[in-house]
Amino acid sequence: MSDILRIDDQNLKSRLFIGTGKFPSKRIVKDVLISCDAHVVTVALRRVDQDSDDENILDYIPKSCLLMPNTSGARNAEEAVRIARLAKSSGCGSWIKIEVISDNKYLLPDNMETIKATEILTKEGFVVLPYMSPDLMAAKRLVDSGAKAIMPLGAPIGSNRGLKTKELVRILINEIEVPVIVDAGIGSPAQAAECMELGCDAVLVNTAVAVAKDPVSMARAFKLAVEAGRLAYLSGLGPVIKKADASSPLTGFLREAQKA
Amino acid sequence: MSFNDILKNYENFDIQKFFASVRPSMIQKAIDSNNVSSDQFLSLLSSSAEPFLEQMARRAHGLTCQYFGKIIQLYTPMYVSNFCENECVYCGFNRTNKIQRKKLSFDEVDREAKFISKTGLKHILLLTGSSRTKSPVKYIKQCVEILKKYFSSISLEIYTLTQDEYREFVACGVDGLTIYQEVYDKDVYGSVHLAGPKADYLFRLDAPERALAEKMRTVNIGVLLGLSNWQKESFLLGLHAQYLQNKFFDAEISISLPRLRPAQGDFKPKCIVQDKEIVQMILAFRIFLPRLGVTLSTRESSEFRENMLPLGITRMSAGSTTQVGGHTAIEDENNITAQFEISDKRDVGEMIEFLEKKGYQPVLKDWMAI
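Chains as they are written, first to last, in the working numbering: chain A, 1 to 260; chain B, 1 to 370.
To be clear, the hints were calculated from the coordinates, so they are not data collected in a lab.
Remember, it's a predicted structure, so these values are computed and weren't measured experimentally.
Just so you know, even glycine gets a beta-carbon here, dropped at the ideal spot from N, CA and C.
Don't take every hint at face value.
To be clear about the criterion: a stretch of chain B counts as covered by chain A if any three or more of its residues have a C-beta under 8 Å from a C-beta of chain A, and this derived list gives those stretches [as the list claims (entries may be wrong)]:
(1) 69–82
(2) 354–367
List time: in silico PhoX-like cross-link candidates among lysine-lysine, alpha-carbon distance up to 25 Å [said to hold, decoys possible]:
(3) A:Lys88 <-> A:Lys123
(4) B:Lys102 <-> A:Lys105
(5) B:Lys276 <-> B:Lys118
(6) A:Lys30 <-> B:Lys357
(7) A:Lys88 <-> B:Lys149
(8) B:Lys138 <-> B:Lys103
(9) B:Lys247 <-> B:Lys232
(10) A:Lys213 <-> B:Lys357
(11) B:Lys114 <-> B:Lys138
(12) B:Lys247 <-> A:Lys105
(13) B:Lys358 <-> A:Lys30
(14) A:Lys30 <-> B:Lys70
(15) A:Lys213 <-> B:Lys358
(16) B:Lys17 <-> B:Lys149
(17) A:Lys213 <-> B:Lys70
(18) B:Lys232 <-> B:Lys276
(19) A:Lys88 <-> B:Lys29
(20) B:Lys29 <-> A:Lys105
(21) A:Lys105 <-> B:Lys148
(22) A:Lys164 <-> A:Lys140
(23) B:Lys215 <-> A:Lys116
Taking the hints into account, I'd like the entire structure generated from these sequences.
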């Protein structure tokens, strides 16, 4: 059975997306990406230094990866649009993860500004994957504006709390036709597997890998968890039974009537 | 509303009485809390918190890894002028000090900027003494235009400006402002800022707000340790940072805790803040405001900076000089134009090597003009 995640015109070989912030060195980013066979990799354009020979993070990303720069630092739609254009003009391709955060305390996304930026950038030919708060109407508007996938948060960035927004993400999975990728808050492979079992199309992980004692092994653990979760989803999980079957069924009388 | 409205609540605040009421259980609760109140923050600054330092350090380290990762952003200061109209008793640029005064020509600014940019640094902090006549806004703006050729992020540490002037600088490409109140105690403030524009306490206190109202991206505030009681001063600094974070939700607020060092003139600090105390302060700040940037400058020794690395620091200066044109100057070996003495004299390359060896990623670029 082929189970390939397709976004825009790309067949993605991995459902684990990796973020590159917070790592103790740039070299380790490369080892992490190789160890988990990552395909889509997001990089904050604010950290990309193309003037530098040995400090450019892009040099540590294998050519087989698909680069998805993000607009970290954008406080509104206009800034996100400008960062996206800068990314494109500096040769980072046309995929963009829109991140509009006007709250520096919790780093929660601003859905309204994100929708505006998505609309503008889609018209300019970008493949837009917006980071968002899991709200159904906002998600629908993002899709109407051209988003090729949506990336709801599981919990605040860096919190490692897991899929706290489960009920809302479940609704998005049911109602939104583009891929749903949980981004932010996933702190352990078990939590990543949970997202996949629920029916998410992919997860994006950064902090949990970057601050692990051994980021390279942790990335591998996430890869396995994402694959396991996906396989479980496709295999059709059995229902969770909370109570034993009642010994005197309420509709038992119907069968009694038949016998008589 | 201004931060002064909050400060007023603490004018007659008896901090020793508060400290006497602090119980170990309060401190334990503060360390474990995800939403630390200002009273809890203050309890972390009390002497009763001393036995909890290791626990605080573990918590602060965890929070810093979670929110920032193992990352240190590097920058360097660049002094373009030391003419000054202020009489700040602790400062080498004090107008009454007989030091050699100097202001860089635009060619010299270019040469200095070019020299620094070869280190790979992309963040620069432009400094001048406080003189609207010798280094007017027009001159500084021209300097910014030159720096833009070499750096992706430009911060200012200059005299306090009006809101219109902050707007002009933001439009011109400045994204950061460093402005220290130096000391929040109004009486002490008056006693160390004897003359010049800096003597206006309130105009300085509101400067971060004026800049943030004009969408300045980052603002770094601070107190000069050694001028007054460190516990009360760091408490008020914490409240100021929290106030700015809450009022300007999209801004990045950071703090510096410079300790007074020997400077020209014969000023002696009123008190010496000990290593243990500065550690306690930084831990308390991290636990109180987990997202706060914390800068540790080259006023501190390399050994001290090394030990402080995992405790909550997010930004460090490297290859610093406080001399006008000091990055390219070789003739000024006697430090005769310097503002204060540097303790950690390592250059950018050495700092990068040091951070990498310690398992930290040095970040030379974290913003660009957009």
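Verification of the supplied hints:
1. Taking a C-beta to C-beta cut-off of 8 Å, the stretch 69–82 of chain B contributes 3 residues in contact with chain A, enough for the three needed, and the coverage statement holds.
2. Beta-carbon proximity to chain A at under 8 Å applies to 9 residues in the stretch 354–367 of chain B; the threshold of 3 is reached and the given coverage holds.
3. Of the supplied pair hints, the one linking Lys88 (chain A) and Lys123 (chain A) holds, its CA atoms being roughly 14 Å apart against a limit of 25 Å.
4. Distance restraint check for Lys102 (chain B) and Lys105 (chain A): the Cα-Cα separation of roughly 42 Å exceeds the 25 Å cut-off, and the hinted pair is therefore not satisfied.
5. Proximity of Lys276 (chain B) to Lys118 (chain B) is assessed by CA-CA distance (about 37 Å); at most 25 Å being required, the pair is judged violated.
6. Between Lys30 (chain A) and Lys357 (chain B) the alpha-carbon distance is near 18 Å, which keeps this suggested pair within the 25 Å criterion.
7. Only pairs whose Cα atoms come within 25 Å are accepted, and Lys88 (chain A) paired with Lys149 (chain B) is accepted, the gap being roughly 21 Å.
8. Pair hint Lys138 (chain B) plus Lys103 (chain B) holds up; C-alpha atoms about 14 Å apart against a cutoff of 25 Å.
9. As the CA atoms of Lys247 (chain B) and Lys232 (chain B) are separated by approximately 22 Å, the hinted pair is consistent with the 25 Å bound.
10. Of the pairs offered as hints, the one joining Lys213 (chain A) and Lys357 (chain B) holds, with about 16 Å between alpha carbons and a cut-off of 25 Å not exceeded.
11. Pair hint Lys114 (chain B) plus Lys138 (chain B) holds up; C-alpha atoms about 21 Å apart against a cutoff of 25 Å.
12. A distance of roughly 11 Å separates the Cα atoms of Lys247 (chain B) and Lys105 (chain A); the hinted pair therefore holds under the 25 Å criterion.
13. This hinted pair checks out: Lys358 (chain B) and Lys30 (chain A) have alpha carbons roughly 19 Å apart, not beyond 25 Å.
14. Proposed proximity of Lys30 (chain A) and Lys70 (chain B) is supported: the alpha carbons are some 16 Å apart, at most 25 Å.
15. Taking the CA atoms of Lys213 (chain A) and Lys358 (chain B), the gap is near 14 Å; set against the 25 Å cutoff, the hint holds.
16. Proposed proximity of Lys17 (chain B) and Lys149 (chain B) is contradicted: the alpha carbons are some 54 Å apart, above 25 Å.
17. This hinted pair checks out: Lys213 (chain A) and Lys70 (chain B) have alpha carbons roughly 11 Å apart, not beyond 25 Å.
18. For the hint linking Lys232 (chain B) to Lys276 (chain B), the alpha-carbon distance of about 16 Å falls within 25 Å, and the restraint holds.
19. Taking the CA atoms of Lys88 (chain A) and Lys29 (chain B), the gap is about 49 Å. The hint is violated against a cut of 25 Å.
20. About 21 Å separates the Cα atoms of Lys29 (chain B) and Lys105 (chain A), which keeps this hinted pair within 25 Å; it holds.
21. A C-alpha spacing of about 29 Å is found between Lys105 (chain A) and Lys148 (chain B), which places the hinted pair above 25 Å, so the restraint is violated.
22. Distance hint between Lys164 (chain A) and Lys140 (chain A) is fulfilled; the C-alpha atoms sit about 21 Å from each other, no more than 25 Å.
23. A hinted pair counts as satisfied when its Cα atoms are at most 25 Å apart, and Lys215 (chain B) with Lys116 (chain A) qualifies at roughly 20 Å.
Of the hints listed earlier, those the structure fails to meet are numbers 4, 5, 16, 19, 21, in rising order.
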